[in-house]
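Residue numbers (the working numbering), protein chains in the order written: chain A, 1 to 266; chain B, 1 to 515.
Please keep in mind that the hints were generated in silico from the structure rather than gathered at the bench. There's no promise every hint is true.
[As the list claims (entries may be wrong)] With a cut-off of at most 30 Å between alpha-carbon atoms, the simulated DSSO-like pairs for lysine-lysine come out as follows:
no., chain 1, residue 1, chain 2, residue 2
1, A, K72, A, K237
2, A, K72, A, K204
3, B, K504, A, K204
4, B, K504, A, K241
5, A, K72, A, K241
6, A, K153, A, K204
The structure presented is a predicted model; accordingly, all values stated were derived computationally and were not measured.
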Amino acid sequence: MNKQTDCFQVEDLSFCYRSAAAPALAGVTMRIRRGVTTAVVGLSGSGKTTLLSALGLLSGARAISGGKIVYKTIDQEVDYSRADDRTLNQLRMQQFGFVLQNAFLLPHFSCLENVAFPLAIQGVAADERAERVLALLTADGDPSSDLCHLAAKPARETSGGERQRLALYRALIHDPQVILADEPLNNLDFINSRFVCDRLMRWKNDPVHREHRSLLIVSHDLEMIFDEIDDFFVMSKGRLKRAEPYTRDELPEGAESLRRLIREGA
Amino acid sequence: MRYRERTGWLISYSWKDLFERSVRRGTLSVLCIVFSVVALVTLAFGLVYGIRDASIVYFNNRPQLRSIPFGHVYIGDEFSTKRIEEISENLSQRGVSIEKVVGHRINGAIRFVDRDDPGYSTKLPPMGRTIADDSPLWSEIERLILGQGIIITGAFRKRFCNPHGPFPESVSCRNNDNELVSIPVAGRIHTMDEQILFLIPEGFESELSEMLNPRPLPSVVVGPLPDFMHRHDYIRSIQDEFRSQMISRKLVPRIESVPLSENSSERGWKLESRAGMMFARSEWNAILNSVNDWVTSIDGNRYPGIENIHPSSVQPTDDMHDRMFDDVIIYVKTIDDLKPALNALESDPYLSTFQIGKDNAVKIDEMNSQFRLMFFVVFGLSIIVTGVSAYNIYTTLVLRSERLIQPIGMLKTMGMESNTFTQIYMTEGLLIWLLSSIPALVLSAIIGPWVASLVKKIAEGGLDATGAAVTGFTLPPFVVLYILIASGCICILGVYFATSFARKASPQECLSANL
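Model the full assembly from the supplied sequences, consistent with the hints where possible.
Printed below as a string of structure tokens:
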């Protein structure tokens with residue numbers, strides 16, 4: 001595995017929540033390749049979301065109990081434990097996009113404004129923000145073009161599926177290098193689940209950027225995502241079942257093989 | 001605009017947006033905060049404006065609420081410029097730092113003052129409540145106007161009866177032979193300040209002379225009509241009524257000295273027609289001239305009956321051209337000057353109306369300590385209200401920020417910095433403060449004077465003709481500034497602490513916060 005192709009390099013990572021008896025992550029060492037789709041699977045409470053939060057700097061670099069996380073691009077290498085707050089914040093602002101279980105839209109702001117928040121935070125002018133949001137929503141062949149009529153509506157007036165789709169567009173709008181998706185299909189019907197999954201893969205497999213874009217996904221919906229994933233990490237009780245990722249070739253029975261691995265870890 | 005671009009409209013900065021997003025769309029929390037601060041500032045300002053001049057004073061042998069400013073000695077009413085200067089000089093010589101002396105200028109009335117009678121000064125004008133057309137008092141008044149009656153005023157009644165007791169059927173006192181002399185009272189007129197003018201029936205002049213003997217009848221000082229009389233329309237109507245009656249009878253105001261009785265060589269004043277009448281300014285000059293002539297005659301030819309009048313109390317030439325002042329107040333510079341001022345006034349031989357007595361001085365101290373207790377109680381309540389308001393602001397903001405905690409966490413995942421949140425929330429705190437303080441100032445400007453007028457009404461209810469030394473304790477105006485600063489601090493610090501978690505927590509903590 002070429003070192004230059006790594007997106008995240010994790011070494012002996014530990015994480016313990018305050019007032020928690022057992023660590024949420026213990027001795028996690030892994031490499032996540034750049035330009036591939038990686039899934040982290042496991043039972044509830046196994047530490048998947050904590051790992052994703054640590055990688056995406058959601059829990060704060062200072063909260064990591066031990067170990068090291070290095071984020072790499074072609075021309076940049078950032079060690080979370082050594083970087084200053086500004087650098088880490090820039091990383092979160094420009095390199096990462098998040099799709100979480102809940103959309104967490106600002107209820108009094110319009111759908112357009114919610115989708116445009118990442119651009120607003122980066123200081124993009126209002127006109128350009130609106131232009132880019134509308135362009136994203138009305139992309140050719142995109143079945144989400146019906147969201148355009150929601151643009152001026154307050155986010156609180158949208159349905160759950162619409163919110164999740166808006167959250168997805170919010171994660172895509174600033175063209176990040178990495179998307180970290182934590183249960184993005186949760187609480188969605190099969191149509192919306194399929195849409196979110198397809199849209200993420202479409203972003204990931206963009207012919208121009210596919211080698212630089214990485215998708216890290218945490219999900220229980222193994223059937224839905226299995227065919228789209230390149231690398232699988234199986235977690236159990238805060239540890240990885242194996243430091244090296246599983247590939248699809250190693251999982252001949254598909255999602256069922258994954259389930260077996262998860263059960264064995266439990 | 002740049003700021004708004006950077007912060008991405010977490011909160012709004014324009015009036016329209018604030019209204020649209022926070023108020024009309026149901027964010028009652030903003031209203032709660034604004035209401036709390038309005039209540040807080042209004043209460044504080046209302047108190048300051050309302051009771052800043054309120055003082056509990058020991059006045060006329062009983063505690064009264066009066067509207068007297070902070071740091072003063074109230075020395076009573078009806079003083080000439082010269083006397084005020086004497087008093088001021090007296091105080092200065094005793095080391096009391098006087099800041100200023102104020103009083104209402106009296107603009108046109110005859111005042112009758114017996115300086116030898118301790119504790120009294122007289123207001124003769126039969127001002128008072130409107131007398132009904134069919135009232136029997138009119139006949140008494142007419143007799144008075146025609147010189148057929150004798151009037152005993154408030155100062156005299158203190159000598160003859162309990163000033164605060166029920167209306168007496170007769171007035172009485174012991175004469176020089178220690179015999180009790182009584183005169184029935186035919187009628188009365190209530191004056192605006194609750195003085196009662198007794199109308200004495202005809203035929204009791206000799207008894208009255210005995211009662212008054214050996215004291216002389218009042219000397220006369222001349223001064224203009226008190227300002228406060230002009231403030232009351234009903235007094236004006238009485239005034240007009242009297243004037244019209246006088247004009248209809250073609251009466252000419254006249255004051256002359258007469259023997260106190262047929263067989264007496266002592267002389268007193270016969271008060272004809274204008275016993276305390278108030279006159280229009282056009283009539284005043286004629287009266288003034290007649291009084292001038294009369295006083296000059298006193299000065300040149302002493303009457304046998306007026307030896308007891310202290311020469312300084314007549315001072316015809318000086319006082320005639322002197323201004324008279326009512327409700328004279330001496331401001332001392334510090335609260336520490338009050339007590340020596342009171343002592344100085346007490347020992348002033350010519351300020352008999354201010355004699356307090358040691359017992360009363362003790363009472364004044366008691367009243368002051370009581371008032372200080374009241375002061376602390378009032379401000380204790382204010383502090384409680386302030387605390388409740390501050391807590392309300394705090395909890396409302398906590399709820400408000402917690403309600404948005406997950407979207408805030410989402411914004412943090414997008415790279416919004418904690419400093420930006422701090423700036424946004426501080427701006428919100430400033431907006432709340434401004435939005436609250438402005439209406440609160442307006443409200444307190446309305447409420448404050450209203451409270452003050454209530455205080456004044458209560459105070460005026462306790463007015464008496466007799467002055468007494470008093471002391472006051474009230475709020476200095478600079479408290480207003482403190483209140484503004486305090487309310488600002490409550491808003492800003494309330495916002496700061498209430499949003500502490502939202503600002504400082506990591507995105508993960510915000511996203512997983514339990515609401």
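Q) Holds or violated: K504 of chain B with K241 of chain A, Cα cutoff 30 Å? A) Not OK: K504 of chain B and K241 of chain A at ~35 Å, beyond 30 Å, violated.
Q.
K72 of chain A and K241 of chain A were given as a pair; does the straight-line alpha-carbon distance stay at or below 30 Å?
A. Judged against 30 Å, a Cα distance of about 24 Å means the pair holds.
**Q.** 30 Å Cα cutoff - pair K72 of chain A, K237 of chain A
**A.** Roughly 27 Å between the alpha carbons, so the hint for K72 of chain A and K237 of chain A holds.
**Q.** 30 Å limit on alpha-carbon distance, applied to hinted pair K504 of chain B and K204 of chain A
**A.** Not satisfied, since the Cα-Cα distance of roughly 33 Å exceeds 30 Å.
Q: Starting from K72 of chain A, check that the Cα of K204 of chain A is at most 30 Å away, please.
A: holds (17 Å)
Q: Verify the proposed pairing of K153 of chain A with K204 of chain A, using a straight-line Cα cut of 30 Å.
A: holds (29 Å)
When the structure is compared with the earlier hints, violations turn up for hints 3, 4 and for no others.
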